[in-house]
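Enquirer: Each chain, written out:
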Amino acid sequence: MLSMKNISKVYQTEKVQTHALRDFNLEVKEGEFIAVTGPSGSGKTTFLNIAGMLEPFSGGEFMLDNVNVGSLSDNERADLRNQKIGFIFQGFNLIPDLSLYENIEVPLRYRGIKAAERKLRIEECLEKVGLASRAKHLPQQLSGGQQQRVAIARALAGKPRFLLADEPTGNLDSLMARQVMELLENINSEGSTIIMVTHDQELARRAPRNIQVVDGQLADFTLYQNKSSDSVAERVQQSMAEV
Amino acid sequence: MLEIKPIFNSLLRSKAGAIMLLIQIAITTAIVSNAAFIAKDRIDFLSQETGYPEDEIFSFTTMTFDKELDIVQKFEETETMLRNIPGVKNASLFNAVPLSGSGSAGGLSLKPATEEGPDVRAAYFLADENALDTLGVNLLEGRNFRPDEVIMSASRDVFPEVTIITQALGLELFPTGDALGKTVYFGVAPLKIIGIAEPMKSAWLKDSRPDNVSIIPFVGASIFQKIIVRTEPEQRTAIMRQIEDLMIQDHNKRVIIGLQGMDEDKRDNNASDILMLRMLITLIIVLVLITGLGIFGLTVFNINKRTKQIGTRRALGARKSAIVRYFLIENAIICVFGLVLGSIAAIFMGQLLLENYSMPALDTFYVLMTALFVFIASLLSVVMPATKAANISPSIATRSI
Ligand SMILES: Nc1ncnc2c1ncn2[C@@H]1O[C@H](COP(=O)(O)OP(=O)(O)OP(=O)(O)O)[C@@H](O)[C@H]1O
Ligand SMILES: [Mg+2]
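Protein chains in written order, with the working numbering: chain A, 1 to 243; chain B, 1 to 401.
Note that these hints are calculated values from the structure, not bench results.
Owing to the predicted nature of the structure, the values given are computational and were not obtained by experimental measurement.
Do not rely on the hints blindly, as some may be mistaken.
In silico lysine-lysine, PhoX-like type, Cα no more than 20 Å apart, as pairs [unchecked claim]: (1) A:LYS119 <-> A:LYS159; (2) B:LYS388 <-> B:LYS305; (3) B:LYS5 <-> A:LYS136; (4) A:LYS159 <-> A:LYS29; (5) B:LYS320 <-> A:LYS84; (6) A:LYS84 <-> A:LYS159; (7) B:LYS305 <-> B:LYS15; (8) B:LYS192 <-> B:LYS111; (9) B:LYS182 <-> B:LYS111; (10) A:LYS114 <-> B:LYS5; (11) B:LYS15 <-> A:LYS136; (12) B:LYS206 <-> B:LYS40; (13) B:LYS5 <-> A:LYS119; (14) B:LYS40 <-> B:LYS266; (15) B:LYS305 <-> B:LYS320.
If you want the ones that stay clear, here's a sample from chain B, every Cβ over 12 Å from chain A, calculated [unchecked claim]: (16) ARG42; (17) MET81; (18) GLN235; (19) VAL383.
Backbone N, C-alpha and C fix where the C-beta goes; we use that ideal spot for every residue, glycine too.
Produce the entire structure from the sequences given, and follow the hints as far as they go.
Expert: Below you can see the structure in the form of C-alpha cells.
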C-alpha cells in the first residue's frame, strides 16, 4: 500500500547541500507494524515526513494506495493526510488553547464530519486511551504520557489506515513508554498500519518488522525478525554480508 | 466548516492580546464614527447652496480721497464703466458683501417701531436695481426695483419705500405665504414688499437666520464703498487682474482694497471650519491606520507564537485556505465584540458632544458605516499575515520541539 522507489531528498541551505535520503526503497503492506531505527541525523524524520506528505521529496517515485504522491496538489495532499494518515509526534503537538475534546476534534472538522458523529468518535477514542473522564481538560493539565495518549486518540479519531509516529515515546519515561507501545500494538492488531521511529531498542524489537536508516539509506531486517539474535550492529553486518 | 466555537473557546483561554485589540477596535469605532459624522456635518455646511454663482462674483472696496467730488454722481459713472468691461455681466454698489462675514442686520416688523409687534431678524443689503442680477439671484414673485424707486443719497434723509425679500423671510413674517404686496417696517420706515427672491444667504452662514435677506434700494455712496461685479466665470480672473487699473483710470483719487472672489471670501470666513474638517479627516486616517497596524502586528505575533500549532494543523489535514480562514474568523470574532462595544461608546460619546458642545445629534447610520468600515479594514489587515501563516510547512510539526 506504500511504495517508495529511489526516493531522494536534498536540503539546500545557503552553501551546504544535505542528502538526507538517497536511493531509498521501501514497500509497506497493509497491517504492518514497522519500527524505524538509526543513528541521529540519518534521515528517519525526513523519511517519515515524506511518507506523511509533510514535505516534498527531490526525486524518485512514491505511491500511496496506488496514488502517485508526486503529482498531487497541495490541497489534495492535505486532504489525503486528513483521510489516510494519523500523526503522533515526539512533542505531542496538542494545541494548548484547546481542550482534549477539541484537540481530537481538529482533524474531524477538517474532514467535514458532522457534530453528532464527531462526538461519538471522540468519546470512543478517549475511551480507548483511557482518558474519557478528562475531555474538558487542557493539555497542560495532563502528564506527558497522558498527553501522548490524547495525541494518539487524535490520530485515531479519523480512522486512518496509516499511523506515523516520530519517537512517540522519546519524551516519556519507560513505564509510560511501554503503555504507549501497548496502545499502538492494540491499534495495529485492529488493522492499522503503523510506522514508528524510535531510539528505544527494546520497543523496536517488539515491532514485527524493523528497518534501519543509515546515512539516508535503508537497511531492512524483516528477514531476521525471528532469529533471536542480537545487537543491531550484528544485524547490520549480517545484512551487509547477504547483499 | 466554520469553526467559530473552538476558535472562540481558544480565544477565551488566552485573552490578553485579544482584549487589547478589542479595546483598540472599540475606541477607533467610537471616535471615527463621531469624527466622520462631524466631518460630514462640516462638509454639508461648507458645500451648502448659497444661492450665488460664487465663481462669477468678486467684490472690492473703493476708498475715495477727493473731497471736492460729487461721490454719488461719480459712482453712477463708475458703475456704467464697470458694466461696459467686456465679460462683465453686471455691477452694483453694495453696503456689504454676502458670505463675507461682515454686513448689516436688524429687525423687520409688522408694525412701526413705535408700536408693539413681532420682529423678525433679517440681514439687509442696500443696493440698486442691479443688485439681484449682479448676485445672480432670480425673482420668484413680483417685480424688480424701478430706477425711480432707488434712492441715491449720501445722507439718510430720504428712505426707500419698497423692498425685495427672500421667500424664507417672507414666510417668517407672513406664515400664510402671502408676503407679496404687504408692508413691513424697518424701524419706523414702511417698506412695501414688491418682490420675493430665490433663496440666498446673508453675510453670515452661521447666523441664526442665514436665509432671511432683504434688499433695500438705497445707494449711500460713501468714502469706503463696496462694489460687487459679476462676470463670465472663465473671465473673472482676468478682469480681477485689470480692475484696479481701470478703477484708477476712471478716477485717480481713489484706492482699491480687499479685491476678492466671493468663493475666496466664503473660504476665509469659514477657515476654522475648513481647518476642523482637515483635522477630523487626519484623525480618522491616523486612527484607522493605527488600528490596522495593531491588528496586523497582533496577527503576526500570534502566528509567530503558533507556528508549531499551524504546522500541526496542516499535518492533520488543514488546507492552506483553512489556516487563512482560521485567522479571519478569529479576527472577525474579536471585531464583532469590539464593534458592539465601540458602537455603544460612539452613541454615548455623541450624547456627550450633543449635551456639552451643542453638536448635532449623532446619526446611527454613521456608527453602522464606521463599524462596517473598521470591520473590513481589520479583515484586510489580517489577510497578509494569515496568508504567510498558511505557507508554514507542515513539516514544522515534526521538526520543532
Ligand atoms: N530543514 C532542513 N534543512 C536542512 N537540512 C535538514 C533539514 N531537516 C533535516 N536536515 C538534515 O537532514 C539530515 C536528516 O535529518 P533527520 O531529521 O531526518 O534525521 P533523524 O534521523 O530524524 O535524526 P534524529 O534521530 O536526531 O531525529 C540531517 O543531516 C539534518 O541536518
Ligand atoms: Mg528525527
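Enquirer: Measure nothing beyond the straight line between the CA atoms of B:LYS305 and B:LYS15; if it is 20 Å or shorter, mark the hint as holding.
Expert: With Cα atoms ~14 Å apart, B:LYS305 and B:LYS15 stay inside 20 Å; holds.
Enquirer: Can the restraint linking A:LYS119 and A:LYS159 be considered satisfied, given a maximum Cα separation of 20 Å?
Expert: Judged against 20 Å, a Cα distance of about 14 Å means the pair holds.
Enquirer: If I take the minimum Cβ distance from B:GLN235 to any residue of chain A, is it greater than 12 Å?
Expert: holds, 68 Å
Enquirer: Holds or violated: is the Cβ of B:MET81 farther than 12 Å from all Cβ atoms of chain A?
Expert: holds, 83 Å
Enquirer: Beyond 12 Å from every chain A Cβ: check whether that's true for B:ARG42.
Expert: holds, 46 Å
Enquirer: For the pair we were handed, B:LYS388 and B:LYS305, check the Cα-Cα distance against 20 Å.
Expert: holds, 13 Å
Enquirer: Check whether the Cα positions of A:LYS114 and B:LYS5 lie no farther apart than 20 Å.
Expert: holds, 14 Å
Enquirer: Within 20 Å, alpha carbon to alpha carbon, are A:LYS84 and A:LYS159?
Expert: OK: A:LYS84 and A:LYS159 at ~8 Å, within 20 Å.
Enquirer: When you check the alpha-carbon spacing of B:LYS320 and A:LYS84, does it fall within 20 Å?
Expert: holds, 18 Å
Enquirer: Run the distance test for B:LYS40 versus B:LYS266: straight-line Cα separation, threshold 20 Å.
Expert: holds, 18 Å
Enquirer: Given the proposed pairing of B:LYS182 with B:LYS111, does the C-alpha separation stay at or below 20 Å?
Expert: holds, 11 Å
Enquirer: Check whether the Cα positions of B:LYS5 and A:LYS136 lie no farther apart than 20 Å.
Expert: Holds: B:LYS5 and A:LYS136 sit about 14 Å apart, inside 20 Å.
Consistency with the previously given hints is maintained throughout, with no hint failing.
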